[in-house]
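Student: Residues per chain, in single letters:
There are 2 protein chains.
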Amino acid sequence: MRIVIALGGNALLPKGAKGTAEEQLSSAKQVVIQIEDMLKTNQVVLTHGNGPQVGNLLLQQQGTKEVPEMPLDVLGAMTQGQIGYFIASAISLTGLHSSTLITRVVVDQEDPAFANPTKPIGPFYETAVRPNMRMDAGSGYRLVVPSPKPVKIREHDAISALLEKGFVVIAVGGGGIPIKENGEGLEAVIDKDQATSLLANQVEAGLLVFVTSVDNVYLDFGKPTQRSISHTSIDILKKYLQSGHFAEGSMKPKVEAAIKFVESGGKKAIICSISNIKAAIDGKAGTAISK
Amino acid sequence: MRIVIALGGNALLPKGAKGTAEEQLSSAKQVVIQIEDMLKTNQVVLTHGNGPQVGNLLLQQQGTKEVPEMPLDVLGAMTQGQIGYFIASAISLTGLHSSTLITRVVVDQEDPAFANPTKPIGPFYETAVRPNMRMDAGSGYRLVVPSPKPVKIREHDAISALLEKGFVVIAVGGGGIPIKENGEGLEAVIDKDQATSLLANQVEAGLLVFVTSVDNVYLDFGKPTQRSISHTSIDILKKYLQSGHFAEGSMKPKVEAAIKFVESGGKKAIICSISNIKAAIDGKAGTAISK
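Which chain is which? The protein sequence lines are X and U, in order. Be aware that the first sequence starts at 0, since it is given in numbering that gives the first Met the number 0, and climbs by one per residue. Be aware that the second sequence starts at 0, since it is given in numbering that gives the first Met the number 0, and climbs by one per residue.
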């Protein structure tokens with residue numbers, strides 16, 4: 000089966016981690032151990048976020064006036080190299096062959112997101128120490144950047160070609176590099192869940208998996224009435240969405256991206272934690288979403 | 000025909016340039032204009048150096064203590080993303096499809112280069128302002144890092160797969176990320192000419208082209224007796240090498256890499272400038288090296 004797996008920020012960089020190379024590589028190894036069997040028997044694309052890494056890189060860019068700063072699209076490309084390399088290193092230990100592809104994603108340059116930056120990146124601060132910072136999830140202030148909707152994964156045909164040849168493909172890192180139709184870069188960070196969902200449709204994946212920090216999708220998350228969802232349809236899930244069950248910037252984009260995948264022809268999406276991914280694919284854990 | 004083209008540092012970042020995104024993208028566009036016809040009628044891999052970019056990135060890493068520095072192998076991966084994206088953007092303007100592949104290169108961890116750093120990276124300084132700096136080509140002091148010999152291009156099979164599917168492949172950036180056989184990264188920068196030559200053999204290219212800042216290989220370069228070489232054999236070239244005709248860190252590694260390619264079964268290598276690359280492939284310019 001062809002499977003697209005989106006690795007959430009927490010899977011690759013635990014909360015509180017500084018983001019050292021050792022931490023990132025170690026996290027990547029933990030992830031690959033959990034999915035090794037799956038990688039060996041399926042065509043798999045791994046996608047990943049880049050929020051902490053691109054934010055860190057941006058700070059470093061601004062740390063010296065000796066050499067020029069790169070714009071955000073270029074920083075996105077650089078974090079794809081960085082994180083992709085960590086994942087590829089982890090996959091090497093299994094004996095499997097992987098390919099890390101720098102991936103561009105076409106967006107609409109008139110997307111209203113460009114006038115309204117909402118995507119938090121980089122470290123948390125106690126106060127808004129720079130312009131364009133906002134409180135993120137009650138944990139502190141973070142820099143926010145525009146996050147336009149992905150329209151087309153430019154490299155989807157190369158990804159399919161590599162899957163057919165038996166490579167584990169690492170792609171669409173950080174949601175992909177935002178470009179105009181003509182290839183020109185745009186300063187933004189695309190939501191990786193949306194971009195992954197689009198990719199899954201474009202490569203006609205049979206299954207889309209969102210790996211996150213919790214085992215399931217929950218209703219009334221964090222309340223005494225909290226309860227998990229094991230299987231659900233997109234119609235029911237849409238109602239839960241409208242009732243405000245899912246947190247912005249956290250579970251909500253995953254639920255929306257899962258619905259989009261199924262609505263666009265995908266068969267099944269799963270939301271689960273990395274430790275229950277095997278059971279989730281066997282239908283014994285996680286939250287499965289279908290038509 | 001399958002062609003591997005190594006783009007020299009000067010082709011992508013003119014001497015004296017600061018290394019801004021605009022400069023790099025503009026240079027990439029100039030390069031692609033010269034090779035557009037070739038890209039349309041051949042299977043082409045483009046490789047490139049990363050000396051200025053990886054040096055700049057290293058300085059930026061050290062510019063703030065807020066976030067952790069990445070080691071040199073990770074910085075190499077990041078510059079592959081950066082420079083590959085610039086070249087991919089330029090190729091997009093031709094309507095061709097490209098794939099930028101993060102490329103790792105196995106080296107011997109016992110390579111004596113690790114005890115003797117020789118590869119200059121980053122900006123030039125008037126004095127040795129940091130440890131491990133040396134005078135480079137009389138132009139100033141630069142940081143030097145180990146430069147081990149490439150043993151195996153880990154991603155050569157993915158590169159071949161993408162070439163067969165019609166993609167222009169951008170790979171082995173900065174000579175590739177140096178790794179041990181088990182995939183573990185090593186802090187070094189591989190010579191991109193050597194790595195490109197090895198790739199050309201591994202993907203069984205019919206032609207290997209080194210694009211540099213001069214039109215030809217010259218004997219007595221810069222002297223009143225300077226004369227260009229149009230065609231030559233590896234045996235003759237080896238004699239010139241021994242007589243010290245070619246500058247260290249400049250023409251010498253290209254000549255050595257061209258010889259290695261032909262000795263390892265390659266048919267023809269060419270050394271030329273970007274402006275005469277078309278004529279060089281037609282046998283009307285540049286320096287052609289064969290058995």
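Any given hint could turn out to be false.
DSSO-like, lysine-lysine: derived pairs with alpha carbons at most 30 Å apart [stated by the list, open to error]:
1. U:K290 to U:K237
2. X:K151 to U:K164
3. X:K17 to U:K237
Bear in mind the hints are in silico, worked out from the structure with no lab data behind them.
Student: Now tell me, hint by hint, if it's right for this structure.
Tutor: Verification of the supplied hints:
1. Restraint check for K290 of chain U and K237 of chain U: the C-alpha separation of about 12 Å stays at or below 30 Å, so the hint holds.
2. Annotation: proposed proximity of K151 of chain X to K164 of chain U holds, straight-line Cα distance about 20 Å (limit 30 Å).
3. Annotation: proposed proximity of K17 of chain X to K237 of chain U is violated, straight-line Cα distance about 51 Å (limit 30 Å).
When the structure is compared with the earlier hints, a violation turns up for hint 3 alone.
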